[in-house]
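Turn these sequences into a full structure, and let the hints guide you.
The primary structure of each chain is shown beneath.
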Amino acid sequence: MNKIIRLMRNIVHDFMLLILPKKLLTKLLSCEEVSKILTMEEKAKLRNHPRVRFHILICQCCTDYKYQLEIIEKSSQKLKEFHLSTQQKDLINKSKQNLISRFSKKN
Amino acid sequence: MANKGETLDLSSQDFIAKLKDRNHDAIELLINKYHDSLFHAALKNKLGNDQAEEVVQMTWVTFFEKIENFEARSHVRTYLFGILYNKIKEQWRSNKKYTSANDEYIIEQQFTEFGQYLSAPKDPTQWLQNKEFYKILDEELQNLPENQRLTFFLKEIEGEETQDICNILGISNTNLGVLLYRAKNTLRLRLEKRLNK
Numbered sequence: 364m365n366k367i368i369r370l371m372r373n374i375v376h377d378f379m380l381l382i383l384p385k386k387l388l389t390k391l392l393s394c395e396e397v398s399k400i401l402t403m404e405e406k407a408k409l410r411n412h413p414r415v416r417f418h419i420l421i422c423q424c425c426t427d428y429k430y431q432l433e434i435i436e437k438s439s440q441k442l443k444e445f446h447l448s449t450q451q452k453d454l455i456n457k458s459k460q461n462l463i464s465r466f467s468k469k470n
Numbered sequence: 426m427a428n429k430g431e432t433l434d435l436s437s438q439d440f441i442a443k444l445k446d447r448n449h450d451a452i453e454l455l456i457n458k459y460h461d462s463l464f465h466a467a468l469k470n471k472l473g474n475d476q477a478e479e480v481v482q483m484t485w486v487t488f489f490e491k492i493e494n495f496e497a498r499s500h501v502r503t504y505l506f507g508i509l510y511n512k513i514k515e516q517w518r519s520n521k522k523y524t525s526a527n528d529e530y531i532i533e534q535q536f537t538e539f540g541q542y543l544s545a546p547k548d549p550t551q552w553l554q555n556k557e558f559y560k561i562l563d564e565e566l567q568n569l570p571e572n573q574r575l576t577f578f579l580k581e582i583e584g585e586e587t588q589d590i591c592n593i594l595g596i597s598n599t600n601l602g603v604l605l606y607r608a609k610n611t612l613r614l615r616l617e618k619r620l621n622k
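For the record, the sequence lines run as chains A and B. Counting in the working numbering, the first sequence runs from 364 upward without gaps. Counting in the working numbering, the second sequence runs from 426 upward without gaps.
Hints should not be assumed to be uniformly reliable.
[What the hints assert, rightly or not] Which residues of chain B face chain A? A partial, calculated answer using Cβ under 7 Å:
id	residue
1	His-449
2	His-465
3	Asp-548
4	Leu-612
Hints listed in this document are in silico derivations from the structure and should not be mistaken for laboratory results. Keep in mind that this is a model prediction, so the values were computed, not measured. Glycine residues also receive a C-beta, built at the ideal position from the N, C-alpha and C atoms.
This is the structure in structure tokens:
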């Protein structure tokens with residue numbers, strides 16, 4: 364099913380590039396513009412704009428690009444979890460005690 | 426200090442006042458809460474164990490030197506990590522360790538003059554099916570040029586707000602957008618190369 368959707372999207376996209384006049388094509392967003400909108404933080408508010416959504420609907424390249432970004436962004440959050448080795452824990456535990464003693468006055 | 430079961434706001438005026446007063450319990454709480462994360466962040470930015478520990482110590486020294494001027498406009502965590510990342514950059518300079526941005530040219534040349542992809546992005550479905558995906562993602566993140574890695578780390582991993590990242594790194598909103606664009610495109614191109622068969 365996924366392959367059929369991909370094929371249909373490619374056909375519609377190529378068909379539109381062939382038949383639409385250049386003046387109208389310039390009103391549609393390019394893949395480069397869409398890639399910047401999807402990626403650059405300052406353009407975040409445009410991500411759900413109808414022109415962007417329409418472009419992604421008919422463009423398999425941008426659909427795959429958007430999916431790649433989603434995987435990278437969501438997967439990166441898992442990298443926040445960390446496990447320190449015993450050696451690392453020993454190193455920082457000593458350091459923490461020294462820092463606490465150094466910067467605090469005793470109650 | 427807060428009783429058990431109460432959530433303590435580490436950016437509350439009360440807590441900051443205790444830190445300024447060098448209250449032992451407040452300092453112990455703060456250091457225990459953030460020291461490991463600071464150490465981990467330093468390791469993730471290509472410092473060894475000893476250098477990471479040294480940088481984190483210098484971060485705390487600077488934090489307590491400047492605590493009198495801290496007005497809690499941002500969360501104390503953001504303030505701490507801001508100091509940390511500046512210390513990391515100083516350490517990179519002294520290590521004379523810079524990653525060359527070999528992929529900058531490739532990123533700029535992704536598109537034709539009409540804004541269409543020269544080489545279409547590949548279907549990433551198989552990325553997550555690879556058992557080593559997270560390991561590969563972590564490796565490629567480590568290989569990013571320094572400023573791209575820092576920006577990506579702060580935005581996508583630490584989840585910091587845009588304005589806080591701009592303040593930490595001393596860059597504009599526009600620069601931040603460009604760095605994020607380059608970081609994400611470098612990552613996706615490298616992941617495609619390693620994961621798409």
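Exercise. Hints the structure violates: just list their numbers, smallest first.
Key: As far as the earlier hints go, not one is violated by this structure.
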